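Enquirer: Spelled out, the chains give:
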Amino acid sequence: MPTSNGSGIEAIVAKLLVPVAAASGAIVFVGFFFRDFVGEAVTGQGWVAISLLFFGSGLGYLAVLPYRIDDDDDPSRGYLLRVRRTNLTATLREFAGNQDPLTMGVPATVFAAFLLLQAAFPTRTSAVVGDVADTVLLVGGPLFLAAILLAVCYCAFLLLGPWGDIKLGDPETEPAYTYPTYFTLVFTAGIAAGLVFWGPAEALFHYRTPPPYFGAQPGSAAAAGDALVYTLFHWGVSAWSAYAVIGVPIAYFVYCRGAPLRVATLLTPFLGVDGLDSVWGRLVDTLAVFATIGGIATSVALVSQQFLAGVAFKWDVAVGTAGPLVFVGGLTLIFVLSGATGIHRGIRRIAGVNIVLFGLFALLLVALGPRQYVAEQGVSALGRYAVHFVPLSLHTGGQWVADSTIWNWSWWFSWAPFAGLFVAALSRGRRVRTVVFTTVVATSAATVVWFLLLGGTTLFVQQRGEADVLGAIAARGGSEAVAGFPLLAALPLSELLVFLFLALIVVFITTSADTSTLVVAILATKRGLAPTTGSIVFWGVFQGTVAVAVLLVGGAETLQALAVLTGGPFAVISLIGIAGLTRSWLQEERGHTSLVVRAFRRLPTVQTHHDIDPPKED
Amino acid sequence: MADASDERTEPALEEVFYPVDRIPFVEWGAFTGGKSTVLLVGAVTILSFLTGLSNLSQSMPAMDGPLSVFLSLPAGVVQFGGVLFAFVLSAVTVGLQQRKVVAFRAALVLLPALAMLPLTTLQTTDIPLLLGITVTYPLLLRNRAQFDQSVDFSPLQIASLSAIGGVGLYGTVGAYALRSEFTGDPLTWSDAVYFVIVTIATVGYGDFAPTTARARWFALSIILFGTGAFTVAIGALVGPVIESRMATAFGIMTASELTLLEDHVVVLGYGGMTDSLLEELDDETEPIVVTDDADAAAMLDDAGLNVLTGDPTDEAVLSDARIGSARGVVVGSDDDAQDVLAILAARSRNPDVRIVAAATEAKHVTKFETVGADEVVNPRSIGGTLLGRSVLDGSAPDTNLSDLDTSGEPRK
Chain R
1 MPTSNGSGIE AIVAKLLVPV AAASGAIVFV GFFFRDFVGE AVTGQGWVAI
51 SLLFFGSGLG YLAVLPYRID DDDDPSRGYL LRVRRTNLTA TLREFAGNQD
101 PLTMGVPATV FAAFLLLQAA FPTRTSAVVG DVADTVLLVG GPLFLAAILL
151 AVCYCAFLLL GPWGDIKLGD PETEPAYTYP TYFTLVFTAG IAAGLVFWGP
201 AEALFHYRTP PPYFGAQPGS AAAAGDALVY TLFHWGVSAW SAYAVIGVPI
251 AYFVYCRGAP LRVATLLTPF LGVDGLDSVW GRLVDTLAVF ATIGGIATSV
301 ALVSQQFLAG VAFKWDVAVG TAGPLVFVGG LTLIFVLSGA TGIHRGIRRI
351 AGVNIVLFGL FALLLVALGP RQYVAEQGVS ALGRYAVHFV PLSLHTGGQW
401 VADSTIWNWS WWFSWAPFAG LFVAALSRGR RVRTVVFTTV VATSAATVVW
451 FLLLGGTTLF VQQRGEADVL GAIAARGGSE AVAGFPLLAA LPLSELLVFL
501 FLALIVVFIT TSADTSTLVV AILATKRGLA PTTGSIVFWG VFQGTVAVAV
551 LLVGGAETLQ ALAVLTGGPF AVISLIGIAG LTRSWLQEER GHTSLVVRAF
601 RRLPTVQTHH DIDPPKED
Chain V
1 MADASDERTE PALEEVFYPV DRIPFVEWGA FTGGKSTVLL VGAVTILSFL
51 TGLSNLSQSM PAMDGPLSVF LSLPAGVVQF GGVLFAFVLS AVTVGLQQRK
101 VVAFRAALVL LPALAMLPLT TLQTTDIPLL LGITVTYPLL LRNRAQFDQS
151 VDFSPLQIAS LSAIGGVGLY GTVGAYALRS EFTGDPLTWS DAVYFVIVTI
201 ATVGYGDFAP TTARARWFAL SIILFGTGAF TVAIGALVGP VIESRMATAF
251 GIMTASELTL LEDHVVVLGY GGMTDSLLEE LDDETEPIVV TDDADAAAML
301 DDAGLNVLTG DPTDEAVLSD ARIGSARGVV VGSDDDAQDV LAILAARSRN
351 PDVRIVAAAT EAKHVTKFET VGADEVVNPR SIGGTLLGRS VLDGSAPDTN
401 LSDLDTSGEP RK
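Protein chains in written order, with this note's numbering: chain R, 1 to 618; chain V, 1 to 412.
Hints listed in this document are in silico derivations from the structure and should not be mistaken for laboratory results.
All of these numbers come straight from a predicted model, not from anything done at the bench.
Backbone N, C-alpha and C fix where the C-beta goes; we use that ideal spot for every residue, glycine too.
Watch out, some of these pointers could steer you wrong.
Computed footprint of chain V on chain R, listed as stretches where at least three residues anywhere in the stretch have a Cβ under 8 Å from a Cβ of chain V [unchecked claim]:
1. 177 to 184
2. 341 to 355
3. 420 to 428
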């Protein structure tokens, strides 16, 4: 198992983390409870650093805890002996032997080439990539819109139609993940810290620059309602459907046809299980690795910058250029630990922490925020979202849509290979209906509630003039990173909320990055082999390195644009996947009944009972 | 075609995504038991102390909470409440750890009372305490059945405690009755309480002193009886603790240690297999060995295992080992006759518990089953079977274990 050969290091890491967490935790607690006494002794910068150290080491320790407290013999001693005996070159050769040269080599080369170009000609590279991205998004807009709308329709069909009954795996297979675990893992992996940053910012941006579809006056009350509708549209069912249409076909072919767990499995109906090793299959896998690393690494880099920008705004502390590097380094350590300890330990536990913090923050916001306004606006926004869903999905209104909607869809599609593969990996023993319900309905319900709460509260605060969030954003060069802070400052218990907000950012990016590390390690390992701990650590560190490199060289946005552009191919691949799956199921999965038919069958019997019974009694 | 790829893919997928059969969100069982409840109450105690200290460090407590509208607690209560509650709660935590009913009832009352403080002030620093209470309270209610031990005071303890109470009452009422015969007269009720406690504790600040002969006689009576009762009570309460410390030192578990056992495995008797059995059990659960062999008991106790020195066929001893809440019983001494009696005793104390026994003689297996063992193993026949298989297959004996029919449930 991937964790066993690393257990020695884990024990050592745990021993190192405990004192770090305890010491920083003690300082944080003292600072928290006795701020009047010790607040002055440590600078704001120091507090942020110590809190992060505490939170990070706590998460790391959580990851390395053993799954069941049963292997209590000290493995670190054996490990130290092994270190002395192990030959470094042999280890490296074994590692290289397990890697797929194409899926590993091509993305690494592309990233190196990009960084070189970016370092040599920063402006020209950014300009070229920016132009390409603009053109692709503008020209390819209809394709993205069609792919997303088709994905939503297909998901609705799977949910209600006969194929929802198909079980992924043998009829007697039981799901290994309990439903709460399943939902938590899917939700936290599929969405990163963007949810936290854009929660307050997205609706506000649409309020400032209203979407042309509705055409309201900027800053008007109507614009506020429209802004919420568009926010729901961007983060609702459409977005999550992209994951489901990649995940469901992979899961079906893996569990019902014995195909390997990789993205190319989508092409099974056309290539056959053995044909997945062909050029096309490996090309898809390579592209998936590139998209995943590009997406995650740039997210890590951008989130670090945003996090520190927010901190700098809130406490007026300068972090310098080294700040983001240290932050990314710490983050990489946590998500490598989490990914390497495996899905049942690090990934599951940090995801659990994530969902608990998420729920706690939402509850606090309900308790402390403008409930009535949010409820009224929320209900009306939900209603209008439903009514305008199809027109919005088909609306190709020029530059605004290309910059926001299409960019957004492409971004979700670029994450779809890794999130979809992860969904597929977790779904053994579940029905297609459950998978679609979880990936699309449950997750989007969570995001919708989140955006209504945060977006609604922000609009309320902005409209009533309790805080000038837009002014703060403008003062910081239009960065969405600062939007949360003036908002939370306007609420009671603002400091607690701010710390929860920052913790959420860290934990959301961790839960995505650890999963992506695992997925990339699987894709880059030769078919049929489980990734070794070494390879998981390698890919985690690789993502961290790319993040550090783009921070050093600059051009995080440019690389993100490149990664987002891979959403285009995956939109096409998702269409191919849908077509292939439909063809296979039309041929082989007949005899299932849809929910609609079942409901219909039940209806008349209920009615006839009512019709027949009363006359009899008379 | 599917078969070929199946073989290669399945292990990889299994290893990464299906390392165990079932992956729950949280192992609720591990976090919702009696031990976690006690730990949480302890955590609430510490949080209450820290929050109280934090409130104390502020010159003027802010009252922004929702409760401050309905209820105006005096500033003193708000400031000192948290710390005082923490002291009481720490005693309650100790009581809960010993599974006392009284401590459970006290916690039921104290926690909501404590929650009123953060609800009144509702500063950022109060939130952890509030969260702690909201998590702890349902857990406390859920585990109420576990706190079933009554407090057994010895007659001396009862006598000395009621003497202190009596003297306190007598002193307070008396001092109030003689309120005009003290310096600083007239004494109020709180002055009277203060005077009595200061006197009994032999502190005697002297800010309230008797001025008449009658009041002096009265004060002397309080000093004599009160201080006497106070001293005796301390001896009566502390003495047993020291005794039990000494008892632990000699390899016998004390009553309070035994009450902590739950979901454990009781091993009745010490025999040739016991050491390897304990090695296997120790990873998984908390075993307790009941044996009347003093040497074996001393050796096991040195090895850090739970030992109860007593006759494993004695039902009272089995009750002490909390067989009622045990997960299973293993009977495996080298004396089959004693084992039969031990199975009978265990079965009569807990009809539902799973009893696994090892019969030294093969002919005794059915007898063990007749008297109530769920599973009977004959180590010699297993050993023989394994040796036989090993010499024929050429495999290591361990690999044969899984399909042995005589061993019941061998390994996971």
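Enquirer: Next, verify each hint and record whether it holds.
Expert: Results for each hint:
{"no.": "1", "hint": "177 to 184", "verdict": "holds (count 5)"}
{"no.": "2", "hint": "341 to 355", "verdict": "holds (count 5)"}
{"no.": "3", "hint": "420 to 428", "verdict": "holds (count 3)"}
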